[in-house]
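Enquirer: Listed below, chain by chain, are the residues.
Protein chains: 4
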Amino acid sequence: MDNNFLVIGGDLRIVKLVNMLSDKNIVYTYGLEKAKEIDSNKNIIKCKKIDEEVLQKNNVIIGPTPFSKDGLNIFAPYSNSKINIKDVIGKCKDKNLIAGSIKEDILEIAKENNIQVTDMIKNEKLAILNSISTAEGAIEAAMKETDTIIHGSNVLILGFGRIGKVLAKKLQGLSAHITCAARKQEDLAWINAYGYNSININKMGKELEQFDIIFNTVPYLILTKEKLKYLNKKCLLIELASNPGGIDRKEAENYKIKVVEALALPGKVAPTTTAEFIKEAIYDII
Amino acid sequence: MDNNFLVIGGDLRIVKLVNMLSDKNIVYTYGLEKAKEIDSNKNIIKCKKIDEEVLQKNNVIIGPTPFSKDGLNIFAPYSNSKINIKDVIGKCKDKNLIAGSIKEDILEIAKENNIQVTDMIKNEKLAILNSISTAEGAIEAAMKETDTIIHGSNVLILGFGRIGKVLAKKLQGLSAHITCAARKQEDLAWINAYGYNSININKMGKELEQFDIIFNTVPYLILTKEKLKYLNKKCLLIELASNPGGIDRKEAENYKIKVVEALALPGKVAPTTTAEFIKEAIYDII
Amino acid sequence: MDNNFLVIGGDLRIVKLVNMLSDKNIVYTYGLEKAKEIDSNKNIIKCKKIDEEVLQKNNVIIGPTPFSKDGLNIFAPYSNSKINIKDVIGKCKDKNLIAGSIKEDILEIAKENNIQVTDMIKNEKLAILNSISTAEGAIEAAMKETDTIIHGSNVLILGFGRIGKVLAKKLQGLSAHITCAARKQEDLAWINAYGYNSININKMGKELEQFDIIFNTVPYLILTKEKLKYLNKKCLLIELASNPGGIDRKEAENYKIKVVEALALPGKVAPTTTAEFIKEAIYDII
Amino acid sequence: MDNNFLVIGGDLRIVKLVNMLSDKNIVYTYGLEKAKEIDSNKNIIKCKKIDEEVLQKNNVIIGPTPFSKDGLNIFAPYSNSKINIKDVIGKCKDKNLIAGSIKEDILEIAKENNIQVTDMIKNEKLAILNSISTAEGAIEAAMKETDTIIHGSNVLILGFGRIGKVLAKKLQGLSAHITCAARKQEDLAWINAYGYNSININKMGKELEQFDIIFNTVPYLILTKEKLKYLNKKCLLIELASNPGGIDRKEAENYKIKVVEALALPGKVAPTTTAEFIKEAIYDII
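Residue numbers (our numbering), protein chains in the order written: chain U, 237 to 522; chain Y, 237 to 522; chain V, 237 to 522; chain S, 237 to 522.
Note that these hints are calculated values from the structure, not bench results.
Some hints here could point you the wrong way.
[As the list claims (entries may be wrong)] DSS-like cross-link-like pairs, simulated, lysine-lysine; straight-line CA separation at most 27 Å: (1) Y:469 / S:494; (2) Y:469 / U:420; (3) S:329 / Y:469; (4) U:492 / V:504; (5) Y:260 / S:492; (6) U:272 / V:469; (7) U:515 / U:284; (8) S:329 / S:318; (9) U:285 / U:260; (10) S:492 / S:270; (11) Y:380 / S:380.
This structure is a prediction, so every number in the text was calculated from the model and none was measured.
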């Protein structure tokens with residue numbers, strides 16, 4: 237590894253990533269002034285500005301996930317000042333940019349500046365590895381929000397994609413009784429092949445009343461008013477899919493059913509592991 | 237279920253299938269005269285010939301997997317006489333034919349006769365379910381062929397497709413130490429997400445010596461002479477992929493490494509379950 | 237079930253127990269005035285005092301675990317006033333008393349009053365069931381206190397008694413690599429039979445450095461200064477055994493190794509389940 | 237290791253043991269003339285007779301399990317001639333004898349000759365390790381004797397001792413649905429803590445009809461005529477306990493329920509592993 241990296245902005249995951257990368261590479265940072273956890277070592281160089289001198293030494297620029305929250309500035313909670321996206325991109329002609337969840341208009345500008353962009357959110361390997369952290373975070377949430385044990389409880393997982401698969405395995409490992417809901421015949425066959433109970437997600441009805449905990453991983457509405465009416469009032473709903481998610485929260489509230497939203501778990505429950513996975517993905521890319 | 241079925245030819249799986257189907261449907265059979273396990277009940281009608289009368293009552297014709305072994309006759313080990321494919325197809329105009337592993341030229345003739353063909357071998361759901369039986373059969377073979385226990389042994393699975401996934405889970409459930417080999421970054425990430433050790437199938441070398449049992453599921457040569465030289469001489473190789481398979485058997489013999497071929501396991505180790513799965517698939521289709 | 241119960245004092249577990257028992261029995265309560273979670277139903281009778289009238293209707297008296305914290309009064313955090321043990325016992329001649337962790341001197345007085353005492357803490361069945369909640373609570377603590385994932389981490393469990401056995405199974409189910417330490421040859425054989433790595437607890441040395449998380453379940457000092465020196469500084473120690481426990485916390489602090497104490501977990505992480513288990517145990521007893 | 241061993245009689249396990257011991261020790265053999273698998277190396281000395289010269293060099297004598305089948309001669313299927321127990325014992329004064337399943341009268345004679353006897357059958361560690369092989373052998377038998385898959389089947393295990401515990405874990409690892417039957421409240425609690433369904437072995441009735449496979453590990457009659465009547469006729473019974481075992485075989489036959497006897501599995505299904513475990517036990521002893 238003889239690459240340098242210029243890291244701009246980011247949250248705790250990026251801070252940990254900087255420290256990890258500095259084991260083997262020179263890492264230039266910008267917009268992380270307030271991060272106390274940054275190690276002090278000769279491989280980490282804190283830049284006051286992004287100038288020609290810095291850019292000359294760096295071909296790979298690493299940004300946060302999401303790349304921006306407001307569409308104007310790079311997401312940089314540890315920065316003392318705002319970091320305007322267009323300013324940065326204007327300076328980084330012909331470089332590689334690795335960041336996550338980059339909006340279309342920014343991709344456009346990057347392209348105009350001949351910047352080669354890799355969006356980490358589209359990195360399948362990273363997404364799979366992150367689903368491990370998501371599954372653990374979801375389990376931690378379930379443990380925290382119930383005053384019963386997961387052992388022996390009836391758990392329903394809506395959706396059998398990346399998160400559903402890993403979550404089901406882990407919950408079975410904790411001796412819960414697992415049912416997974418999916419739509420495609422193929423997925424239903426896989427659910428059986430992994431030893432879980434299967435249910436057609438489009439045909440769920442009265443059998444919903446048996447569940448103690450339901451995890452949703454589907455990004456569109458599944459638990460409508462009509463489905464929610466079947467639930468046991470003590471059932472805990474855990475929403476893992478981003479907005480709008482699969483649970484009608486308003487209706488759940490009407491039924492007095494508890495809903496817990498647990499989003500963006502990898503960065504929250506396992507920032508070090510997440511940084512480790514990002515590091516691996518970066519090494520794969522370059 | 238108000239369908240009739242005409243079942244032509246087939247092995248023990250078909251025999252069991254006939255009995256199962258007869259619970260809810262009328263089943264006409266042809267070419268199963270020697271099958272002693274066929275139940276005697278009013279729903280099973282043994283035909284002496286396939287004539288207009290029989291065909292009038294049946295829109296769905298079920299054939300064996302493989303449909304034919306010689307390319308001329310339907311595979312019918314329980315039949316007293318040969319059953320010529322073209323004769324049958326000529327009579328079955330406008331019907332549905334469900335069978336497995338049907339060759340291109342037969343598909344052509346079927347099309348000319350306006351027969352709607354479903355090849356079970358291309359049924360993804362059935363393939364997934366059959367991988368359960370294959371995994372169990374592979375484990376049974378490993379148990380039988382070793383004079384050690386699987387518990388605590390180092391097992392390598394080549395390939396992380398359907399069979400690899402199910403086999404890995406089951407072997408881990410028997411307390412073996414599992415390593416899975418794959419090529420794609422994505423598959424390697426999945427292997428980790430499921431809690432197994434991963435190894436790049438293209439970069440395997442000296443670490444091969446640690447394995448006690450290696451299962452191959454890849455349909456092209458993986459364990460070449462060069463790879464085989466690293467193996468422990470006591471290692472057992474189990475070939476699950478059909479010809480040519482992934483193991484250079486000649487070279488393995490030279491190294492005095494034992495190779496066991498375990499093919500077409502679902503029909504052999506669990507004919508009843510396999511018939512059950514075929515029945516489900518047929519009900520899905522019609 | 238046609239028994240009445242008189243419940244005196246207790247924490248949230250007892251409150252939940254009262255509600256559960258009231259499904260099938262009449263429950264008289266004393267010393268739970270401040271408990272808001274007590275259901276209002278005809279089967280729960282809140283007593284202002286323990287008088288002849290109340291005692292006449294109850295042969296089984298249920299107290300908390302621990303029965304007392306100060307040796308003088310019954311443990312009653314929801315009571316408005318102190319409940320003197322001797323007063324109560326003096327009134328309860330010839331009754332059955334079920335409570336937990338009852339001191340020797342109280343047993344003596346109970347005996348003098350011909351009270352038949354069952355100490356729940358000595359109930360093996362309850363202890364086994366509680367170890368499930370303890371294991372889940374220990375895992376929740378580990379998830380909360382690390383910024384890495386448990387998946388793939390190297391975990392050492394000191395002791396292979398009730399908690400060690402259940403905890404090991406669950407952590408393996410979360411895809412951690414498990415090593416269990418015990419002293420007896422028999423326990424070491426069991427550790428192997430369950431598919432974990434084993435280590436002689438008296439001979440641990442340099443291999444300690446590989447562990448990311450260590451759970452202690454042994455009630456006497458195991459991780460002395462001499463052992464702690466081998467640990468990775470990032471290792472998390474979780475103490476599950478009550479005082480003095482198995483970890484020299486002062487020395488761990490010197491080594492800057494994080495120690496988390498997680499005691500009395502069943503009542504904290506799963507009070508409803510714990511109450512359920514106590515209810516079962518009570519029904520077993522009477 | 238600087239011990240010599242004199243090995244007398246025994247079956248394939250002993251043959252493998254001789255080869256293993258010869259890695260580090262000098263091994264004298266007697267009564268294994270017909271065993272072709274004995275390695276030829278300088279550490280193995282085949283004795284023509286047990287004379288003073290041989291005995292002078294050996295303090296530890298290893299015999300088979302069982303030590304004798306007829307009560308008169310040492311169990312020696314690879315010997316060309318009978319080996320009279322009394323003859324041997326008379327010569328082995330003041331030595332150590334390690335063998336298995338030694339009858340009381342022989343222990344008596346050994347004692348008179350000041351021979352220190354260790355009965356391997358009473359070695360708890362070995363018994364635990366052997367239960368791993370037994371569990372695998374039992375699973376292999378179940379796979380072989382059914383034409384369905386174990387995956388998803390309803391399995392009942394009678395008894396929750398060594399074999400029950402290991403077998404339950406492995407079958408669950410193969411995605412079977414596990415119910416364990418025991419008598420003691422404590423064992424029933426353990427069954428739940430390990431995540432299996434539990435059933436009181438004394439109260440089994442109509443619920444027996446749900447099971448596809450029943451393994452018995454209890455050495456006294458459990459499945460009496462009265463219990464057998466509840467079973468599904470397709471249920472497979474596997475007897476793992478030695479005579480009389482827990483299944484009324486005659487009555488099972490009347491009900492046309494298949495019973496498979498699978499005894500002494502460690503030596504049959506995994507002689508090498510078994511020899512390895514015996515070797516470990518011998519090293520523990522000396």
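Enquirer: Please go over all the hints and tell whether each is borne out by the structure.
Expert: Each hint, compared with the structure:
1. Y:469 / S:494: Violated, because 40 Å separates the two Cα atoms, which is more than 27 Å.
2. Y:469 / U:420: With a Cα-Cα distance of about 45 Å, the restraint between residue 469 of chain Y and residue 420 of chain U is violated, given a limit of 27 Å.
3. S:329 / Y:469: 43 Å, violated
4. U:492 / V:504: 24 Å, holds
5. Y:260 / S:492: 26 Å, holds
6. U:272 / V:469: 20 Å, holds
7. U:515 / U:284: 24 Å, holds
8. S:329 / S:318: 21 Å, holds
9. U:285 / U:260: The given pair, whose Cα atoms are some 24 Å apart, holds under the 27 Å limit.
10. S:492 / S:270: 42 Å, violated
11. Y:380 / S:380: 10 Å, holds
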